[in-house]
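Chains as they are written, first to last, in numbering that gives the first Met the number 0: chain A, 0 to 375; chain B, 0 to 589.
Heads up, a few of these hints could be off.
[Claimed, not checked] Below 25 Å or equal to it, Euclidean Cα-Cα: the simulated PhoX-like pairs (lysine-lysine) are:
#1 B:Lys52 / A:Lys303
#2 A:Lys4 / A:Lys207
#3 B:Lys282 / A:Lys249
#4 B:Lys309 / A:Lys249
#5 B:Lys249 / B:Lys319
#6 B:Lys49 / B:Lys450
#7 B:Lys309 / B:Lys319
#8 B:Lys162 / A:Lys303
#9 B:Lys70 / B:Lys49
#10 B:Lys332 / B:Lys49
#11 B:Lys309 / B:Lys70
#12 B:Lys463 / B:Lys503
#13 A:Lys302 / B:Lys162
#14 A:Lys303 / B:Lys332
#15 B:Lys282 / A:Lys54
#16 B:Lys332 / A:Lys302
#17 A:Lys207 / A:Lys64
#18 B:Lys463 / B:Lys414
#19 A:Lys50 / B:Lys282
#20 B:Lys282 / A:Lys4
#21 B:Lys282 / A:Lys51
If you are wondering where the hints come from, they were derived from the structure by calculation, not from laboratory data.
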Amino acid sequence: MARVKLSEYRAKSLLVDNYAGVSLRLSSLDDDIATLDENTPYVVKVDQGIKKRGKQGLLRLNVSKQAARAAVEELASKGFTRFIAEPMFTHEENEERYVSFERAREGIAVQYSEQGGVNVEENPASVQTFTVDTVPLPKAFVQHVIDVMNREHLSFVEINPLIVRDDECVLLDAAVLADSAGEYQASWDEDDVVEARQPTETEAAIAKLNQNSPAAFSFRILNEDGALWLLLSGGGASITIADEAMNQGKSSLVGNYGEYSGGPSTEETYLYTLDVLHQALTSKAPKKAIIIAGGVANFTDVKKTFGGIIQALDEKLGDLQEQGIRVYVRRGGPNEVEGLAMMESYLKKNNLFGSVHGSDIVLTDVINEALEHVDA
Amino acid sequence: MRNISSIRQNPGKILAFGNYAAGYQTILDFDYLCGKDAPSIAGIVTASAKFQKFFWGNGEVLIPCFPTADKAKASLGSVEWMLNINSGRRAFQSTVSFFDAFPDALGGHIFAEDVPEIHALELYERYQKQDKTLIGPAGVGLLVPGALKLGVVGGVDWRQLEKNHLMTAGNVAVLSASGGMINEIITIVATSGHAISFALCFGGDRFPSTSPREAFLAAEADEATSHIVYYGELGGQDEHELVDLITSGKVTKPVVAYIAGVIGEGFDQPVQFGHAKALANNKSETASAKRRALAEAGVKVADSMTDFSKAIKDIPQNEKPESVDATSLAGRKASLFSSTISKESSEGYEFIGAPLQQWADEGDIALQITSALLGKRPSSQKTTEFIRTVFLLSVDHGPQVSGALNTIVTARAGKGLVDSLAAGLLTIGPRFGGAVSDAAREWFEGVTEAKIPEEHVESYAKAKKYIGGIGHKKYRLGLPDPRTARLADFVDELPSHRYYDYAKAIEAITSSKKGSLILNVDGTIAALMLDILEQEEKLTEDELRQLIDADFFNALFVIPRTVGFVAHYLDQKRLDEGLFRLSDDDVHLA
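Okay, chain B solo, but in the shape it has when bound (with noise of 0.2 Å):
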């Protein structure tokens, strides 16, 4: 298994499986105490969310999560442990996954309790043997002060990490078969005045992948370990390995150990303890015989909890740990949203990461909406040069236009700014306006399912439905729309194009039947968007895919647009004609 002083120098990443807030929040807890400046957890394997909320000391962080260990390896690079909190039907699976996608990781714990023996074999078999160090499945995990907090190990309240001073290394390594008991020495260890070196659980199963005997040899390599706590259990071989070990002279530092259960002794039948391994199918294996194997061998065994406690707190006593104040921790609170856009500061109102004068400063307002739409700002000026352009061709279309006329009517209907806006806004559909993220879908699809442009034109001819971004009232083969001519300047400035050529190679189709199904302006800012946003944005295919069920393409018309109902609005007020109604011969009465 890996070397414990290793750890305590580089203790990387933690990869996570599974919803565990209350577990994951003191790993963080550790973090912090610890004086990091990051928390370990770099994501969470999970389908539930796109990031989660935890405290990083009196503040707030979010984790991002992920739905498989692929997507995490591709946005977060490398990470070196796997902490598992799935279900025991769930653990191999998701385990194969994670080293699948990290296979440099160092190793990770597995919490579940009931992982089927041939699955923890083969686990053992394909990592534990490869010089990964896996703990468990079932235990708490493994704990290095100071630097790793990989499970539950240690409390899953920060309060109990204070008292236990398990921020601080110290020299006595407690190993258990037990979770439950692993705290309970971890705190008699504590409260004795001695702070732990590491403390590791190799949990209850049959056949966890790191045994006790890797553990005892982890903490004989270790240099800041002296002593040595052992909590066994009846049934198993162990502690007669152990006992090799020791007579051997592989371990050569004083162990302390209790080992539970002769009250299974008292019965006729062997009894079923808590833990799978813990039943004694012979005599050997009874709580008894490895007693005194272990006594023979040298080890200082406890007959009682009592005793026990005693010897813990008769090892000799090293410096006194340092304690930390963790007292900031308390009477936290929860926020009840997150966000990344604005906030208040010292220096006034601050959005997307500069003051406000600051961006009246620079003077760009299309800068700024760019910076608004991407949450940050832009890597590429070409970003903002296009919006710009999108914006100024997008701000009007005349008064026919839908929105514009309901803006108008609502305007003469004696109603007010906000109002007469709305009625405009809430135009904005499939129909009109709303086409430039429906036909974004289009091509993206199209593009990253590595569609056939003429099945894809035949699979809606086949449906009878539009293929957004396609199609024009009044422009047509022969007559192009000036705008589009305009937006296609912004070709030939990108190293790469494959959204706008697929949507030109759909138009080519569709407008070869038809003169008038060209690709219009939605079509074109969509696909050039689209290209602009993954060649100088960098975006991945994921982030585009979010940004369209966002509904983000259609924020490029609305935001312009809205510019065009203000001036409706004010030019209907300025005219001033009075209510508008229809004249009869405009209605069919059906």
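So here's chain A without its partners, still in its complex pose (with noise of 0.2 Å):
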């Protein structure tokens, strides 16, 4: 559904005929490290994603297959998982070129600059735009990009430091991004996707219940200690809720954002909520909120998704309780009347109500009422 980063190995892998760049996980590093050529002078780089990796400290210069263990700890001892060995490639910067193609509404948008390398960003003058046919690069190779990005659903590739000798063309960096929706086309999978930050327990769990759903879900702390966490649905209403703490310079409250949309299975919305619940328990706010909140839905059956949201509270009802955590509900669709009505009762018979409404008032109303009780 969203553009995803892969990691520069899968990247380079895909972009490259014969490769010579070697993937280092923590999890396999001895096999890893045993592919690696004896004689050889690698580069180390920290492989998530991650921009400006010389002037942060995450690459090492001219490692031996000998010192590759070292260098890696040293890596991995910053909080990083997946790494990539490349050999040398002495060249001089001002051969550093600029180079990224994105794919556009109307084709193939190309940016390129002859002053590359980590100080593009210096020079956003010299970037230009160019199409396919017009950019100052080897057409073989422009070519041989385009039709790895068709092939692999590729949405965006940078390359940066690219060295262009001659018709060769060398990618000492590429970050790319690809289309999620193409991936059972594609020759990558979900283990290439990196992530700057590593995800959460919560929001890996969540990320897992999304991949095996036809409905969607999503879930990404903000911050570990709010007080307002949100059981938000559609893609549209959830922004637009959480807009409102924004508004009222309390976006520092927000514990997450997230929601679920698609017509999700009792089953499924159970799940979810249970997730969402667990992270709410866990934060140290000193008073806290449950906002379940949408808009009125076109086909999510109200009725269907909060028998899951209550199945949820009612096995974490103790530790609710016990924390005064309140509950504040606004929503409309399908079965409206009769899903409020059952989460009304609910909340009011386990002292949990913070309030209930339909579509009445205004969707974003329901954050200021939660706020009262948090932020009093």
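Join the two chains, each given in its own frame, into one complex according to the hints.
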């Protein structure tokens, strides 16, 4: 559904024929190092989609096979798990070019600069827009990149620095965004996707739920000790509701962003809610609220999804009551009346009630009601 | 994109792809409440059934299903819109198959949210640029009150349609990136005393075929629209394109907008929100930058949903939309099965479209049975004539044959009419009386698969199998069966008879090998029935195949022979010879 970042190792494996780099993973370090060549000096880099690794000290130059383990372990001590080793390639700084290819509505847009390398951002004017046909790079190379982009569902390819010697192009660094919707036709997979930060346990659990369901689930921690925990439905409504906390100058109180949509089943909603509640219960905020909100759904059944939410609330009821957590609800859509009535009676009976509204109040008012509770 | 007022005048029909009963039902509810005389969904492309049943108002209606768009085309002729509920992986192929089959269609909506970018762009190139209106991938589609509901926009529950007055056109266009928010906004518009002119959700994908820009131009061109309400999100450059439209005077109608996603600006790293496009790659793609640009162009930009609601309420009100009474839809109940054969009516019992008294007045049992077999009155008298002749020739072929014998044995064992008849009927099968359907399949497959008769015969000889409809115990070359000769009189009355010709070509080969391998009465009935159904009743090959699969052709034997079995039963009761038992020398004890 969205664009995802591939590891540098996978990006180059796709773009370069007979690619000589080696992927080094903490989980399989001995086996990975064994494939390195005795006589080749390597550059070892963190491979988790982080930019400006040189400036941040996330790469080691001239590393021999014998020294590889020490280099990786040192970098791993900063909290990383994926690395890449490539044969050293000597060149002059003035050889470094910048090029990027991005899929756009009217074709592939190309950005190119003669002044590539780490300083390209300081020379933004040197980066100019070209088409596939006009960019001053070897035609065969450009065509190859386009072919790979189309075959592998790549949406964005950035090569910086790129070294061009006659017809030969050497990719010193490459960042690739792939279209996750095309994964089923591509040779890369979920394991090649990197994130600059490690997903938390809850984030990983919900990502997995999302993968195995026709409905959509997302969850991202914004503040582990947040006071407002959001159980939102709908891609648009969820942003709009989160915006309201920003409007009130209280975005620091928001614990998470996330949403469920696309008509999930009662069981899926139960599992999702359990994960969100777990995260809410571990927050150290003194007063907490759970906001169950969404717009007027087109097709997601309010009664069915609320059934799953109540099941999860019930499982954590003791902890929720002990921490004095209040639940605030605003929702509309199919079976709205039945769903809201069921939720209201459950919350009141179990002393969790903050408020319950249908589509008769503005979507975001529920945030303000919750803020009164947590930020009094 | 397609002009909205032309859709309002002539909404057209929809071909749906995929199974989504609740979504399709609200489209029918919408059509019904709009006062249309038939559902806008003309057919459904799905592998799973021949028909799907939906409510039409308080009653029910069957919508035909087709395995492919081509088959739908052959049966439906033209449709104007595609509604594609297939998954993201199947959306591309099925959309292409739709426009290949219906090149004159106006457009469609793709519901799936995970269509690959490459596919979305290819669809944009192929169709949107060729004047089709393709909405999505993703989003919830297009709603033109009183005319067209193409997608789940506006809800899947008729109560939502009723509450938001979606059957009567107003003057506020609602355009949205989000499927959930469009319904939220429709509700705000409706509950503040306005009505919508149309609602279009282009979706939150990166490359929707119909872009926000095109949606705005459609709203500008639509005479009924006086105001535009817009919901956008962070990510992409669409709002800057809208600013260009407004500042260059291409969009002049007042716009109220909310751009969601300021929450995304509180973090160091850009955050990917729920929709694929909802990620700000740079400053100009942030919600704040878009809000500023739109406000500078004169758009009323709301900073919060509360302000947004107020701004919508402040839009000058036109006449209050008419309410449509939908309460008749409450409490309706789905039936357990469907029937097209008979019903009770005020005039008594109706059978195949006519009261039984009328059948009695017409006085033709063959016509009634022919209508019963076809499920409708035959178009041609020849069909009835042929079936009448088949019945007259098939009523009984002597007490020696298996079915009659079993009836007789059962009758003599002291059983009643129904038991004895059942014993005879249950004998009918592949070796006795049940060969008409087998023969029909032989001739049908031979003709439609353009088999060469020599090869057909050869393949059966190799497999040591009999060909259905060929061969007789008594009659042979030089000693023709008088029944087949009588049936052959029908050949000359048909303008063309390709099944009969094929059967005769097979007979020419088999009878030259062995004189008894002639086209028998079953094979002749099967061949001529196929020709008559095709020539006189205009059945398609698909319809003929369905009849073969349903064992239709054996009915031509079962019905008359029932009379024969009853005759034998009554005869035995009259003669009353007592229990039948074989003598010992009738049985070889091996």
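Evaluated hints:
Restraint check: the Cα-Cα separation between lysine 52 of chain B and lysine 303 of chain A comes to about 24 Å, which is no more than 25 Å; the hinted pair holds. Of the pairs offered as hints, the one joining lysine 4 of chain A and lysine 207 of chain A holds, with about 18 Å between alpha carbons and a cut-off of 25 Å not exceeded. For the given pair, lysine 282 of chain B sits about 22 Å from lysine 249 of chain A by alpha-carbon distance, which is consistent with the 25 Å threshold. For the hint pairing lysine 309 of chain B with lysine 249 of chain A, the CA-to-CA distance comes to about 23 Å; that is within 25 Å, so the pair holds.
Distance restraint check for lysine 249 of chain B and lysine 319 of chain B: the Cα-Cα separation of roughly 30 Å exceeds the 25 Å cut-off, and the hinted pair is therefore not satisfied. Among the hinted pairs, lysine 49 of chain B with lysine 450 of chain B is inconsistent with the structure: their alpha-carbon atoms are about 28 Å apart, more than 25 Å. For the proposed pair lysine 309 of chain B and lysine 319 of chain B, the alpha carbon gap of about 18 Å is at most 25 Å, so the pair holds. Between the alpha carbons of lysine 162 of chain B and lysine 303 of chain A the distance comes to roughly 21 Å, so the proposed pair stays at or under 25 Å and holds.
About 12 Å separates the Cα atoms of lysine 70 of chain B and lysine 49 of chain B, which keeps this hinted pair within 25 Å; it holds. A threshold of 25 Å between alpha carbons decides the hint, and for lysine 332 of chain B with lysine 49 of chain B the separation of about 22 Å falls inside it, so the pair holds. A hinted pair counts as satisfied when its Cα atoms are at most 25 Å apart, and lysine 309 of chain B with lysine 70 of chain B does not qualify at roughly 51 Å. Between the alpha carbons of lysine 463 of chain B and lysine 503 of chain B the distance comes to roughly 21 Å, so the proposed pair stays at or under 25 Å and holds.
Proximity of lysine 302 of chain A to lysine 162 of chain B is assessed by CA-CA distance (about 19 Å); at most 25 Å being required, the pair is judged to hold. Distance hint between lysine 303 of chain A and lysine 332 of chain B is fulfilled; the C-alpha atoms sit about 21 Å from each other, no more than 25 Å. Taken as a hint, the lysine 282 of chain B and lysine 54 of chain A pair is honoured in the structure, with Cα atoms around 24 Å apart against an allowance of 25 Å. Of the supplied pair hints, the one linking lysine 332 of chain B and lysine 302 of chain A holds, its CA atoms being roughly 20 Å apart against a limit of 25 Å.
A threshold of 25 Å between alpha carbons decides the hint, and for lysine 207 of chain A with lysine 64 of chain A the separation of about 36 Å lies outside it, so the pair is violated. With a C-alpha separation of about 41 Å, the suggested pair lysine 463 of chain B and lysine 414 of chain B falls outside the 25 Å cut-off, and the hint is violated. Proposed proximity of lysine 50 of chain A and lysine 282 of chain B is supported: the alpha carbons are some 18 Å apart, at most 25 Å. Restraint check for lysine 282 of chain B and lysine 4 of chain A: satisfied, since their Cα atoms lie roughly 20 Å apart, inside the 25 Å limit.
This hinted pair checks out: lysine 282 of chain B and lysine 51 of chain A have alpha carbons roughly 20 Å apart, not beyond 25 Å.
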